[in-house]
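**Student:** Sequence:
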Amino acid sequence: MAHVSALSEKDKQSIEELRSRLSDELKEVPSYSDDYSLLRWLIGWDYKIDLIVPKLKRTLNTLSALKLNQVDFSSIEKVTDYVNSTCNAMEYYPGGLVGYDKEGNVVSIQPLTKADPKSLLPTNRMSLSLINRIAESEGVMSLI
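Residues in the sequence shown are numbered from 168 upward in steps of one, following the numbering used here.
There may be inaccurate statements among the hints.
To be verified - So the derived label-pair ranges between C-beta atoms look like this:
id : residue 1 : residue 2 : range
1  : ASN228    : ASP201    : 16 to 24 angstroms
2  : LYS177    : VAL274    : 30 to 38 angstroms
3  : THR290    : ARG225    : 36 to 44 angstroms
4  : GLU176    : PRO289    : 54 to 62 angstroms
Don't read these hints as lab results, they were simulated from the structure.
All values derive from a computational prediction rather than experimental measurement.
The C-beta atom is built at its ideal place from N, Cα and C for all residues, glycine as well.
Given these sequences and hints, build the entire structure.
**Tutor:** Okay, structure coming up:
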């Protein structure tokens with residue numbers, strides 16, 4: 168996590184502007200209101216706040232609507248259990264979160280070889296598969 172003392176003045180001002188412009192949404196998903204979460208959006212979108220605000224607003228509204236801000240993603244096991252509960256077909260997909268590397272980074276393996284997602288489509292709605300991917304991504308963000 169970025170520490171305030173390590174942030175430049177530009178970083179601090181930009182983070183505060185995002186917090187101000189997204190205050191209602193950040194109240195719904197408080198895990199995104201820390202400096203690190205906001206800084207990664209700033210870096211990812213080259214500090215273009217007018218571009219970031221609608222994208223981050225949509226992300227926060229989606230996470231809130233899916234109630235992912237209320238899920239306990241405190242361990243790889245809890246993330247995996249939740250992800251598997253969102254889609255019946257998950258047990259047939261290879262890969263997923265497998266642990267941490269020596270430096271403490273989350274390791275996720277998503278093999279793209281002989282998996283046949285098309286054959287699994289009848290097992291669930293496509294929207295559940297998308298929710299599943301969003302949930303796993305949010306779980307990883309909670310772990311880092």
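**Student:** The structure should be examined with respect to each hint, and the outcome stated for every one.
**Tutor:** Against the structure, the hints:
Against the hinted window of 16 to 24 angstroms, the Cβ-Cβ separation of ASN228 and ASP201 comes to about 19 angstroms, which satisfies the hint. A hinted range of 30 to 38 angstroms for the beta carbons of LYS177 and VAL274 is consistent with their spacing of about 33 angstroms. Range check, THR290 to ARG225: Cβ separation about 28 angstroms, and the 36 to 44 angstroms hint is violated. Restraint check, GLU176 to PRO289: a C-beta distance of roughly 55 angstroms satisfies the suggested window 54 to 62 angstroms.
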